[in-house]
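**Student:** Chains A and B supply the protein sequences, listed in that same order. The first sequence runs contiguously to residue 278 in the working numbering. The second sequence runs contiguously to residue 608 in the working numbering.
Hints were generated in silico from the structure; no laboratory data involved. Just so you know, even glycine gets a beta-carbon here, dropped at the ideal spot from N, CA and C. Where hints are given, some of them may not hold.
[Claimed, not checked] Subject to a maximum C-alpha distance of 25 Å in a straight line, what follows is the list of computed BS3-like cross-link-like pairs (lysine-lysine):
id, chain 1, residue 1, chain 2, residue 2
1, A, K116, A, K106
2, A, K270, A, K161
3, B, K569, B, K545
4, B, K604, A, K80
5, A, K71, B, K549
6, B, K569, A, K71
7, A, K106, A, K79
8, A, K180, A, K245
9, A, K161, A, K80
10, A, K260, A, K161
11, B, K569, A, K75
12, A, K79, B, K607
13, B, K604, A, K71
14, A, K79, B, K604
15, B, K569, B, K467
16, A, K161, A, K266
17, A, K266, A, K254
18, B, K43, B, K569
19, A, K116, A, K161
20, B, K542, B, K607
21, B, K549, A, K75
22, A, K80, B, K607
23, A, K277, A, K266
24, A, K161, A, K269
25, B, K604, A, K75
26, A, K106, A, K180
27, A, K277, A, K265
28, B, K569, B, K549
29, B, K545, A, K71
30, B, K542, B, K604
[Said to hold, decoys possible] Not close to chain A: a few residues of chain B, all C-beta gaps over 12 Å, as computed:
id, residue
31, S28
32, F45
33, P572
Residues per chain are reported as follows:
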Amino acid sequence: MFVAIIFFLIIVASVIFHIWSPWWWTPVASNWGNIDSTIELTFWITGSVFVAVCSFMSYCVWRYRYRPDRKAEYKPEDKKLEIRLTALTALGVIALLAPGLVVWNKYVTVPENALKIEVVAYQWGWNYRLPGEDGILGTTNISLINDENPYGLNPEDPNSKDDVIVMDAELHLELNQPVKVELRSYDVLHNFYVPQFRAKMDTLPGLVTFYWFTPTRTGDFEVLCAEYCGTGHYAMRGRVLVDEKADYTNWLAKQITHEKMFAQKKENKKLLTAEIKN
Amino acid sequence: MDEEYNNNKIETKAADSSSGSYAPSADSIPASEIPEQELYHAKSFWTRWVFCQDAKVIGVQYALTATAVGLIGLVLSWGMRLQLGFPETFSFLGPATYYQSVTMHGMIMVVYLLTALFLGGFGNYLIPLMVGARDMVFPYLNMVSFWMFLVAVLVLISSFFVPGGPTGAGWTLYPPQAILPGTPGSEMGIVLMLVSLSLFVIGFTMGGLNYVITILQARTRGMTLMRMPLTIWGIFTATVLALLAFPALFVACIMMTLDNLLGTSFFMPEIFTMGEQLGTTGGSPILFQHLFWFFGHPEVYIVALPAFGIVSDLISVHARKNIFGYRMMVWAIVIIGALSFVVWAHHMYVSGMNPYFGFFFATTTLIIAVPTAIKVYNWVLTLWRGNIHLTIPMLFSLGFIVTFVNGGITGLFLGNVIIDIPLSDTYFVVAHFHMVMGIAPLMVIFGAIYHWFPLISGRHLNQTLGKIHFWISFVGAYAIYFPMHYLGFIGVPRRYYEMYDSPYMTTGVGLNQFITVAALIVGFTQILFLYNIIHSAFYGEKSEKNPWKANSLEWHTPEMPPAHGNFGKDLPVVYRWPYDFSVPGVEREYIPQHVSPSEVPTAKVEKT
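Here chain A stands alone, though its shape is the one from the complex (with noise of 0.2 Å):
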């Protein structure tokens, strides 16, 4: 009696914590919404079932507690009920697996207009580079990176020499602007999550990973390291922030190209060792 009540009340307490829960998502603020909505089908679907099951369980207990003059059922197989409970379940599957897929795809299929930009994650810091006029990004190469050259770019492609170079943890976006943002590392993996665009990808180095994401609303947003990095993980923090066209666009022109970064670091050079022989 007691144990069955017990059972029970676990089950309604936490039916109850869901419902009242002050820690939910953070509002979101990207195109993502609709992942938002595959959850809430998919704790429908599963929470009912945990309900269901629990309850039929803390029932049975209660129900079915010993008695001396009882004699337990004997009945090894059932076939129709098995078949029947299969089939349930595996509609129940389908319906979640179904609109999560569909979901996926959007999320593996870049809009064309998307801006491609690129996130460059190294022990334990953020660093950016955004496409010049070209609108494309310059190749790179690990084996490229000195101090001269700190994002390995491609000398040789042309591509490279009007890329915008945010050497700093603060990224600016355009509201409304679809994005693609391509993800590298110099070092070891990290991932690059704002928790309220809902999207996330590791960043390892050798190779280039990506995902999209629209901002749809302004604000300044924390990012976080999501793949353990070593020992300053916890610490490894940036920030996105979203603009209206006009901040963007002023952000924007402030920031340096590569070849001026290039010409800048070379007269640097040139007085420091000027500064050296005198």
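For chain A, the structure is supplied; the task is to place chain B on it using the hints.
**Tutor:** Frame of chain A, contents of chain B only:
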């Protein structure tokens, strides 16, 4: 012996000629075709209790070692929880120590506790007894298996004492970070971890071959595969999975050791770190992840399947009712085992592998839900119209059902690729796998210990302490992990030493403190359990034979606890499955497996 052998031969012929096949009619079970093998009999204290070849003693040795190392894992989790719940009050862990604790806690619990306890502990103790064998088929190899395991554990523990400490790469040990200086323990710690895992795999392979061959070749007469207790089916399938999956871990460990010590580039692409080029080239970090999870996902079922099997038997015995849908249960175990080899990359949806893999792996992963759900239905349908004794093993079984269903359905979230995108690497994942492969199997382990303790020691565990242990462990563990899912929804990432003032965390501070307090209470309650075991082993209430009135063979040995060789002079002959409870037509409430049909002529059993 010779004479017996000849007699058997004649019997075999007789059975052959009368029925024309081995299909037994009523009482006739084909005679054994080969003579019994002579067992090695221990002569001294050392060979009886230390370098022992008796599977029962080896099982206990495995269980004690696994429990001891598991306690280290438990204590490590307290340090982590204190840091997460009260970072200002308890700041004795730095980030490096925190990550080392995370890593060692994870690896210890998954491999050295759960795998070793289920297969090495329960497997060794129960397989020969339940299939009606005198011992494992290769007792000597079995002994070596345990000692390899012990060496693996010692190597693992020794990493706490080397310069740099144990590895802090996370239990997944992902390269390149695992072997680069930005990670704690990248000096000796990671090497010892890889060596220890390799030794574990070698030791396990010796034991695993033993379990599989014993089950396939050494079952007693009449013990057909479809008459085996589900415990044996679970352990058998899990062992087959382990034999196929552990080699992937083994090669991954060897390759990473070479990358680390000899500078090869299996997993190392071109890397620029700490201001300089590393000089490696051409390797792939994702290759390691594929190898690791090709082992890692079956590993989940290596832990889960024995739990499935054992809990089926506990529910059936303590509800005095046959397990519902036995054949479906067997096939579900086998199908889950097979499918577990084609779902591994659902751990890698955000790893950067080809995104189109997502379609395939999400589909296979969700298909596993079908046989798993069938198992759950059959457990609760076994309770339906049963006569449920709320003994401690039954309480733990009920606790298992709740935690397993809860942890199972959150698996449907994470398996569905698009839902995994926001949730992966958050506390939702931590809550999910602790619920489904931590708490749920632990519930079964506890239930199984309360169930089989009388067999092992001849005494009962204290019931009052047991009930306190159950309620605090079950309700407490549920209170830890159920709310933890919601931290994941806020966006709190896992493996964060501290969140400082991050907006994602500030709302979760109270919840984190609550979880820490609950974890400490549940953790300390386990001391009660250990006390109960130690005290009851010497002073517990003496148990009569077969105290739960079970049907399977382990309870029907001539002596309890069973002696060396298990079954006295003659091996039992099996006529039925182990689930003939409350059979209509007979007075007796249960019919053990070795009772022949002619002894219970009125029983209206279905053919099993």
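**Student:** Work down the list of hints and note, for each, if the structure agrees.
**Tutor:** Evaluation of the provided hints:
no. : hint                 : result
1   : K116(A) with K106(A) : holds, 17 Å
2   : K270(A) with K161(A) : holds, 21 Å
3   : K569(B) with K545(B) : holds, 19 Å
4   : K604(B) with K80(A)  : holds, 22 Å
5   : K71(A) with K549(B)  : holds, 14 Å
6   : K569(B) with K71(A)  : violated, 36 Å
7   : K106(A) with K79(A)  : violated, 41 Å
8   : K180(A) with K245(A) : holds, 18 Å
9   : K161(A) with K80(A)  : violated, 70 Å
10  : K260(A) with K161(A) : holds, 9 Å
11  : K569(B) with K75(A)  : violated, 35 Å
12  : K79(A) with K607(B)  : holds, 15 Å
13  : K604(B) with K71(A)  : holds, 15 Å
14  : K79(A) with K604(B)  : holds, 19 Å
15  : K569(B) with K467(B) : violated, 39 Å
16  : K161(A) with K266(A) : holds, 15 Å
17  : K266(A) with K254(A) : holds, 21 Å
18  : K43(B) with K569(B)  : holds, 20 Å
19  : K116(A) with K161(A) : holds, 16 Å
20  : K542(B) with K607(B) : violated, 37 Å
21  : K549(B) with K75(A)  : holds, 19 Å
22  : K80(A) with K607(B)  : holds, 19 Å
23  : K277(A) with K266(A) : holds, 16 Å
24  : K161(A) with K269(A) : holds, 20 Å
25  : K604(B) with K75(A)  : holds, 11 Å
26  : K106(A) with K180(A) : holds, 13 Å
27  : K277(A) with K265(A) : holds, 18 Å
28  : K569(B) with K549(B) : holds, 23 Å
29  : K545(B) with K71(A)  : holds, 23 Å
30  : K542(B) with K604(B) : violated, 35 Å
31  : S28                  : holds, 23 Å
32  : F45                  : holds, 44 Å
33  : P572                 : holds, 22 Å
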